[in-house]
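Engineer: Here's the letter readout for the chains.
There are 2 protein chains.
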Amino acid sequence: MKTAILGAGCVGGGLLHILDESGVAQAARIVEREGSLCTDPRVTHDINEVLRDGGIEAVAEAIGGVGAAYEYVLAALKCGKHVVTANKQLVAERGAELHAAAQKSGAALLFSAACGGGIPFLRELAAAARYDDVLSLGGILNGTANYILDLMQQGGSFEHALAEAQALGYAEADPSADIDGHDTARKCALGCAVAFGELPAQSSILMEGIRYITAEDVRELASRGLCCRLTAYAERREGGLFACVQPELFTLDSAPAAVRQNYNRAWYYLRYGGLFALTGQGAGALPTGGAMARDLCDIMAGTRTMLAQGCRSAAADGDKEYKYYIRVSGEGTEYTARISAREMHRRAKELRGQGKEVFFAALDE
Amino acid sequence: MKTAILGAGCVGGGLLHILDESGVAQAARIVEREGSLCTDPRVTHDINEVLRDGGIEAVAEAIGGVGAAYEYVLAALKCGKHVVTANKQLVAERGAELHAAAQKSGAALLFSAACGGGIPFLRELAAAARYDDVLSLGGILNGTANYILDLMQQGGSFEHALAEAQALGYAEADPSADIDGHDTARKCALGCAVAFGELPAQSSILMEGIRYITAEDVRELASRGLCCRLTAYAERREGGLFACVQPELFTLDSAPAAVRQNYNRAWYYLRYGGLFALTGQGAGALPTGGAMARDLCDIMAGTRTMLAQGCRSAAADGDKEYKYYIRVSGEGTEYTARISAREMHRRAKELRGQGKEVFFAALDE
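These protein sequence lines map, in sequence, to chains X and U.
With my numbering as the guide, the letters of the first sequence map in order to residues 1 to 365.
With my numbering as the guide, the letters of the second sequence map in order to residues 1001 to 1365.
The shape of chain X in the complex, shown without the other chains:
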């Protein structure tokens, strides 16, 4: 299958390498922006060369963001070209529209690389949603945040751990997407779309990151046999969709506690099948590029969508109760009874508005 790779940076370059080595699909063209240093003879700066080329059946988008990536992907789908993408922001923000365009033209739209790098989380979630009911899903979906929390577990401050993550290239210069939960929330939204056919608006996902955790919190929690992970959780109940990103506490002998460094662990719970969890490298050129190659193979084998339940835009306005560990500056720490997640997140914002420092983490027991 002749394929054009849009953006030959980290992930696109990984895919290019895999396609050239394995030959599972032919990387026929590479679309790079003007001024790109890529000297591959397949490079073009004009997307129209790809769109007009009837021999190119598929487009692999690895540009990122929702500017050119959105424009090119939508145009490709409208031309009936299959699309694979690793772009979680694009699918989280424009998934319903892109799905509709793909359905209309009969083109495939696969994005298993957009959540968990090479981990086949969305791929298996999509397979399960065909014959089973997904009751809930979630997990550790951001490797940078996990790297920071794992390093803090071995002693040291948040600032030190963040600097290490930046030095290793895991965290961006502006680390907000990773440490404040935006990246995890986008991946959670994709999980909801695949599992429930409902793509929650980002603003409706309860979201708290790990920016406020301190070495003292880590020590206090460790003294109780607990460690902290940044997790997503989503479920669809009668009351509506609930989707939440927050620091969560686990016992030291648990499976989430065994997720070290920048690994991810995504899980889903099925009515028939029970609980499944998938662990692996949640990012990186070759794992993520490999996931895009996997999606291309699936297209060649006949797969057209991961959204068998459709893709409706939705608001995640449900709620769920957790116990919480809370530390408020000047007020010490507290372990609460089970309280509403929505109320906990609201209260933290309120306290911060009063100039207080707040860290909280959920305990689901």
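Please keep in mind that the hints were generated in silico from the structure rather than gathered at the bench.
Heads up, a few of these hints could be off.
Listing some non-contacts, in silico: residues in chain U with all C-beta distances to chain X over 10 Å [unchecked claim]:
| id | residue |
| --- | --- |
| 1 | R1123 |
| 2 | R1130 |
| 3 | Y1272 |
Stretch-level coverage of chain X by chain U, calculated; a stretch enters the list once three of its residues show a Cβ under 8 Å from a Cβ in chain U [stated by the list, open to error]:
| id | region |
| --- | --- |
| 4 | 111–120 |
| 5 | 123–131 |
| 6 | 244–256 |
| 7 | 265–274 |
| 8 | 277–283 |
| 9 | 288–294 |
| 10 | 301–315 |
Quick caveat, the model's predicted, so the values are computed rather than measured.
The beta-carbon is built from N, C-alpha and C at its ideal position, and this holds for glycine as well.
Assemble chain U onto chain X, guided by the hints.
Structural biologist: This is chain U only, laid out in the frame that chain X set:
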């Protein structure tokens, strides 16, 4: 897709329930042996009614063993009917022949339910083997053995833990397949077929079970921060295929140690993608029946084989070094330097031939 279920016992009954509830495929006929108590009007005792019915496109085999199951599956494939099966013994012993029959008639042969219950291990291994190189694979593939080891971890003898597993229905009256490693070895062989295109003869897989572990071993290992799991490991090197089932030691904060009760944890290591691990219920009517439903969905979507590398019968005659914990009656315990697995397994047999009791477990560090 009109489907006949062969054997409506535990797993077949689970599949029947899922198909009837979800409607993803039509359970048109049920083949049960004479004297079956199943009163469903779809029951027949004559496989020929299924084979002769041109409307039935697929057969879901859940009889078990290699008698009638082998005969019926081979006949169905020769008629061009697609086959899904949860029968690890059948595929481990006759996989090459069945694969050839499926290739010849163009029928599908899928068996993702045969390893790890509902865990999509073989399914993802097959997907990865299309575009990546599987370097090695393995894991905790037998829930009964894991249940016994996990219970012993909490104190108590092997005999007590085995009796508990039998009382819960996890272990058979004759528990040999689970505790001596045969079941794990069969699943390991399926992994080799999917990953490498080579189906190792069962007799060539190095195999040691958990029959000889004692409460004293568990305590001694725990004092060093270690716990024991029964694992499979396979890799294909230049020297040939290495496949091994043996007790293996892990630190208490590791992911394998966090696999509790009767759960499974299968993993594979890819050249591009790195390490992936999948955890879940490795058995049970609904998880395993669900995996068969998943295979039926894949057939409807166009999938025909999990054996893209083919399926050659092979001998696993490679070797690999591990450190070992060894206890020999009258000689105490020892932690070895790295030694050959083949030599370790041979020496244990030799010592047992001299009437000694031996327990050993590998440490891969």
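Engineer: Taking the hints in turn, state whether each one holds.
Structural biologist: Here is how each hint holds up against the structure:
1. Against chain X, the non-interface label of R1123 (chain U) is violated: not every CB pair exceeds 10 Å, the least being about 7 Å.
2. For R1130 (chain U), the condition that its CB be more than 10 Å from all CB atoms of chain X is violated, with the nearest at approximately 5 Å.
3. Its closest Cβ contact with chain X, about 4 Å, brings Y1272 (chain U) to no more than 10 Å, contrary to its assignment away from the interface.
4. Counting residues of the region 111–120 of chain X whose CB lies closer than 8 Å to any CB of chain U gives 3, which reaches the minimum of 3, so the coverage claim holds.
5. Restraint check on the region 123–131 of chain X versus chain U: 6 residues with Cβ-Cβ distances below 8 Å, three needed, restraint holds.
6. For the region 244–256 of chain X, the proposed coverage by chain U is satisfied: 4 residues have a C-beta within less than 8 Å of a C-beta in that chain, meeting the threshold of three.
7. Judged by the Cβ-Cβ criterion of 8 Å, the region 265–274 of chain X is covered by chain U as claimed, because 4 of its residues qualify and three suffice.
8. Judged by the Cβ-Cβ criterion of 8 Å, the region 277–283 of chain X is covered by chain U as claimed, because 5 of its residues qualify and three suffice.
9. Remark: the region 288–294 of chain X is confirmed as covered by chain U, as 5 of its residues place a Cβ nearer than 8 Å to a Cβ of that chain, reaching the required three.
10. Look at the region 301–315 of chain X against chain U: 3 of its residues bring a Cβ nearer than 8 Å to a Cβ of that chain, three or more, so the hint holds.
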